[in-house]
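Quick mapping for you: the protein sequence lines, in order, are chains L and U. Residues in the first sequence are numbered from 0 upward in steps of one, following numbering that gives the first Met the number 0. Residues in the second sequence are numbered from 0 upward in steps of one, following numbering that gives the first Met the number 0.
Treat the hints as calculated values from the structure; they're not laboratory data. Hints are supplied without guarantee of correctness; some may be wrong.
[Stated by the list, open to error] Capping the alpha-carbon separation at 30 Å, the derived lysine-lysine pairs in DSBU-like fashion look like this:
#, chain 1, residue 1, chain 2, residue 2
1, L, 129, L, 76
2, L, 68, L, 18
3, L, 76, U, 80
4, L, 127, L, 76
5, L, 127, L, 57
6, L, 18, L, 76
7, L, 129, U, 304
8, L, 129, L, 18
9, U, 80, L, 127
Treat the numbers as computed from the prediction; the structure is a model and nothing was measured.
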Amino acid sequence: MFERIMVPVDLTHAERLEKALQCAADLGAHYNATVIYVGVTTEQPSAIAHTPEEYGEKLVAFANEQATKRGISTDAKAYASHDPSVDLDPTLLRAVDEVNADLVVMASHIPNVADHWWPANGGSVATKAKISVMLVR
Amino acid sequence: MSDTSDDQGIPAPEGNADLIDTDYVIGQDNIETQIGPFGLDIHNPVFAISGLAVIAFVFYTLALPEQAGSVFSWLFDSVTKGFDWFFLGAANIFVIFCLLLIVTPVGSVRLGGADASPDYTYAGWFAMLFAAGMGIGLMFYGVSEPMSHFSSSIGGVAMGEDGVRTDWAPLGGAEGNEEAATRLAFAATIFHWGLHPWAIYAVVALALALFSYNKGLPLTIRSAFYPILGERVWGWPGHIIDVLAVFATLFGLATSLGFGATQANAGLNELFGIPVSSTTEVILISAITAVALISVLRGLDGGVKVLSEINMGLAFLLLIFVLLAGHTMALLTGFVDYLGAYLQYLPALSNPIGREDVSFMQGWTSFYWAWWISWSPFVGMFIARVSRGRTVREFVVCVLLIPSLVCVLWMSVFGGNAIQQVLNDGYTAAQEAELPVKLFKMLDVMPLSSITSLIGIVLVIVFFVTSSDSGSLVIDTITAGGKVDAPVPQRVFWCIFEGAVAIVLLLSAGGLASLQSMVISTGLPFTIVLLVMCWAIWRGLMSERRNT
Numbered sequence: 000m001f002e003r004i005m006v007p008v009d010l011t012h013a014e015r016l017e018k019a020l021q022c023a024a025d026l027g028a029h030y031n032a033t034v035i036y037v038g039v040t041t042e043q044p045s046a047i048a049h050t051p052e053e054y055g056e057k058l059v060a061f062a063n064e065q066a067t068k069r070g071i072s073t074d075a076k077a078y079a080s081h082d083p084s085v086d087l088d089p090t091l092l093r094a095v096d097e098v099n100a101d102l103v104v105m106a107s108h109i110p111n112v113a114d115h116w117w118p119a120n121g122g123s124v125a126t127k128a129k130i131s132v133m134l135v136r
Numbered sequence: 000m001s002d003t004s005d006d007q008g009i010p011a012p013e014g015n016a017d018l019i020d021t022d023y024v025i026g027q028d029n030i031e032t033q034i035g036p037f038g039l040d041i042h043n044p045v046f047a048i049s050g051l052a053v054i055a056f057v058f059y060t061l062a063l064p065e066q067a068g069s070v071f072s073w074l075f076d077s078v079t080k081g082f083d084w085f086f087l088g089a090a091n092i093f094v095i096f097c098l099l100l101i102v103t104p105v106g107s108v109r110l111g112g113a114d115a116s117p118d119y120t121y122a123g124w125f126a127m128l129f130a131a132g133m134g135i136g137l138m139f140y141g142v143s144e145p146m147s148h149f150s151s152s153i154g155g156v157a158m159g160e161d162g163v164r165t166d167w168a169p170l171g172g173a174e175g176n177e178e179a180a181t182r183l184a185f186a187a188t189i190f191h192w193g194l195h196p197w198a199i200y201a202v203v204a205l206a207l208a209l210f211s212y213n214k215g216l217p218l219t220i221r222s223a224f225y226p227i228l229g230e231r232v233w234g235w236p237g238h239i240i241d242v243l244a245v246f247a248t249l250f251g252l253a254t255s256l257g258f259g260a261t262q263a264n265a266g267l268n269e270l271f272g273i274p275v276s277s278t279t280e281v282i283l284i285s286a287i288t289a290v291a292l293i294s295v296l297r298g299l300d301g302g303v304k305v306l307s308e309i310n311m312g313l314a315f316l317l318l319i320f321v322l323l324a325g326h327t328m329a330l331l332t333g334f335v336d337y338l339g340a341y342l343q344y345l346p347a348l349s350n351p352i353g354r355e356d357v358s359f360m361q362g363w364t365s366f367y368w369a370w371w372i373s374w375s376p377f378v379g380m381f382i383a384r385v386s387r388g389r390t391v392r393e394f395v396v397c398v399l400l401i402p403s404l405v406c407v408l409w410m411s412v413f414g415g416n417a418i419q420q421v422l423n424d425g426y427t428a429a430q431e432a433e434l435p436v437k438l439f440k441m442l443d444v445m446p447l448s449s450i451t452s453l454i455g456i457v458l459v460i461v462f463f464v465t466s467s468d469s470g471s472l473v474i475d476t477i478t479a480g481g482k483v484d485a486p487v488p489q490r491v492f493w494c495i496f497e498g499a500v501a502i503v504l505l506l507s508a509g510g511l512a513s514l515q516s517m518v519i520s521t522g523l524p525f526t527i528v529l530l531v532m533c534w535a536i537w538r539g540l541m542s543e544r545r546n547t
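Bound-form chain U, shown alone:
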């Protein structure tokens, strides 16, 4: 009499699946209790460790902002300088691993059981993949990243007294050569938004989907390690993995929220003259977090899904507008040209050792890889939830290629238009502006600029809300031992603390740099988790093929 048919969303697995036989019952380590009037259902000890650490972190940074700022700055320097090769090498491994999954026989394993059928159409699936992965980042960096690389490339190489390069140009730069600088700028930007980040997401998403849907384990990061750790995965090794995932997600989100707040502030300043200050940013983060709370209370379908659809529509409109009202022909030809530049420079850009462009490699690439890695539990869990019914090969091809191409298009149009404004119109305001303002400066000289700038601000704010909401859901699931039906107050707790972490980090001495240093620091241990995860996925897929 059960009803698990198509209208219920994701159907039950069909056909053979290699369920893992474990005595562990989901939620067996959970504590169900009542704090005042609020019911809680939390994993012991993952929730307590993560929750208390986050509360302590917020109070420490608030109480000693100067000291905290210097600690963050020291962390940023030591991790980016000492481990840049590690981030770059690991990201390359993830790309190679994904390519291996495509070409080897394990690619035929179907997520959700041998006879499972996909729940979403290709169009719906792609829209969700794209919306989940990058959000605020696309708004923040769409204009600013290609423009920054363009400016630094054309400026050429600069050497410090110690013989170390001090410029920010990728590779050898392209001093005085506008065309070469443009191609290099886009190669570097696409490198940061293309195959590598999506390979990182694909690894985590595949691990979660495989071990939850095919093996029947809880939807937490630790489940992926069952083939390696066995039953020990339910003990301390697993606790540590999940806590690392929570920290990575929390600080990754907080960074995006910090970016969102600074950009929304910059936009409001452009449009309405609202002052750019940390007070405005704190007010913005608090107000938007309050909206996110409403979205949290409305649930997945009533909150995030609706807002994501609105945002996709708005983002698409803005993209089409810039394409048509900007330098249309240059942007269209640029798309193909920039893809070619990406492939041309890919080997050099992904080389982890012996690089001379240290500022670019450490300040941009390492930071990006850490940021994507810290977002991976969050995006991975989302992708896993919408990817049931796909084969591993189909999954990896789509997760790698489609969102990468959309990002290339986005960057080519937004960044391309800003660069064309410099080259053809002699308009340099976007080039000279601070990172958060560049988007608005680019829109400023286009028709209907006050409307498009307002759309830009709305997009940033709504992306902020959806990230905060779905991030709370993911952290809550991990800290509730894989339960997705834990009491709502827990999500509210995480939602508030994501905002709080973003606020205290922005207020600390380093501002945005503090956020970046925390992402890098939490991304580092989680990179190790991801590398081991590749091995676990391989073993899981092999056993799936053997036993079904």
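With the rest of the complex left out, here is chain L:
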């Protein structure tokens, strides 16, 4: 049913994504699909990498590590954004098209009152993406 499962990842907080990563891996194994990890970084040095290029390398390493650990086929794609705090949703939606994903599995926080002003990224992607989106809370 699914061939390419996109999983947005924040490498700074990879430990918080465990449920979503496991879920995507299980689905990947079940449907024999490739799990594509998508990361969005800043153009300036960040906690993870000095440059977008270095970030891309770390994301590839992360994808390879997941492949070995969970026994699935993986891929990675990094994006550099001018303003990731605000541009994250459009960048992820662009990624959905560019990586040819047919399912997004995404970690999301439990909704709270702030979501009225700043809708959660997961909710926002689910609203606008043309493919299935699974939010893991």
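Assemble the complex: chain L is given as a structure, and chain U must be docked to it using the hints.
For chain U alone, kept in the frame of chain L given last:
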């Protein structure tokens, strides 16, 4: 499998770059927490110190406006009188330092790595340089500054009882001589808007670009001090540098916002008879800050960039209109003549010691230098972000010359037309009006004045929005330890408090003068930061040349 190709904006550095080897991880001192429903990712202690100080400042000024007003006035007097030589001398050093960068071999270092290629075309790059640097100031002073210098120059020298000059004329003035007064007025105006301010911006922008793109350090002011302070830069010396940068930016912005509000109010009064009062100004600042908040929430590309493009288009239209509908020939010949006057008077105007024109030097030049210096973290960070891929030489030449020339053109056209109205048409309303009104009085006797005045008001308001929005972004980056992806509520906090600071300062006893005194006071310590920064840049560039 990474994709950092051209369509992603600024590409990764290419070729060798002399990355600084430090154990510091960006954001390691940050506190990630939740206040109510809002997530925060803030630097400890830079955010807390800056945030609490700003909140305390706002409440103090609101609670005791009279006392605060006299404190501000005392600050203004002591700093401008005691340190005028320091501001002037420092600005000269920045210009000389930039010229040195152009002629020495370090100018060949490329920002973003040895093989990096530029991200923006020359045209796009220049437009952004210009839009970032001056904004509201050009609207506020375009007519009013040349006109003020013209009036004071032609009035000549006046001596007080104590033997100190009381007039505001630059240098020795030009009593009764219209042509000489015009040339002196433009020399002084161009002096304030030309090489010196852009040298200040170039220093900060170069420091940020070099230490972030070539050395891999966080995008904060303290990073530039790594060659001098080493690992200590991540401790208290660095905290102090960043806090000073936040204060300077905040008060520099608040001053511009105060100018913007008074001018928008003056324009609305001219057009629609809306009363000029502090209530109107408070309403204006609050409403425009609300619009700025929307721009903040739309992000860099959806907010500031779009608005800047609109503003550039509108400003260009207004410039062409005044040029064609005004005294076209006089304005065109004036441009060249005024540049010549600038070069002629430059040595005397930039002389920091033994000056007799104290009112001009302290009230205009020192204030301007402090204002530019306080804007420098903000403009510098913006220029740094769009200048990757340029060599240091190309960078400095372009940042110094192109925006300076555009400012000269702007001032020559707007101020020149107003002065021609006085000299040729005998129309003196712009000359006699208060500073914020002069632009509208000049437009008043030109065709389509209600439309052009409205465009003027819109320009002021949109510049206000873009300054407030990008200023919040810059302060947020510094107070988040160089992270540019901190949660948006933090930017909202700074955006609101920039407006609040502008409001309370306008409401305090001194009004606009209070804003100016805070700029001067926060600009002073930051000038010292900038002077040391020149040395750090030099060392950084030398190591870049040695090690790549």
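Evaluation of the provided hints:
1. L:129 <-> L:76: holds, 20 Å
2. L:68 <-> L:18: Satisfied, since the Cα-Cα distance of roughly 15 Å is no more than 30 Å.
3. L:76 <-> U:80: violated, 58 Å
4. L:127 <-> L:76: holds, 20 Å
5. L:127 <-> L:57: Judged against 30 Å, a Cα distance of about 29 Å means the pair holds.
6. L:18 <-> L:76: Holds: residue 18 of chain L and residue 76 of chain L sit about 21 Å apart, inside 30 Å.
7. L:129 <-> U:304: Holds, at roughly 28 Å.
8. L:129 <-> L:18: holds, 24 Å
9. U:80 <-> L:127: Distance of about 60 Å is beyond 30 Å: violated.
The structure shown violates the earlier hints numbered 3 and 9.
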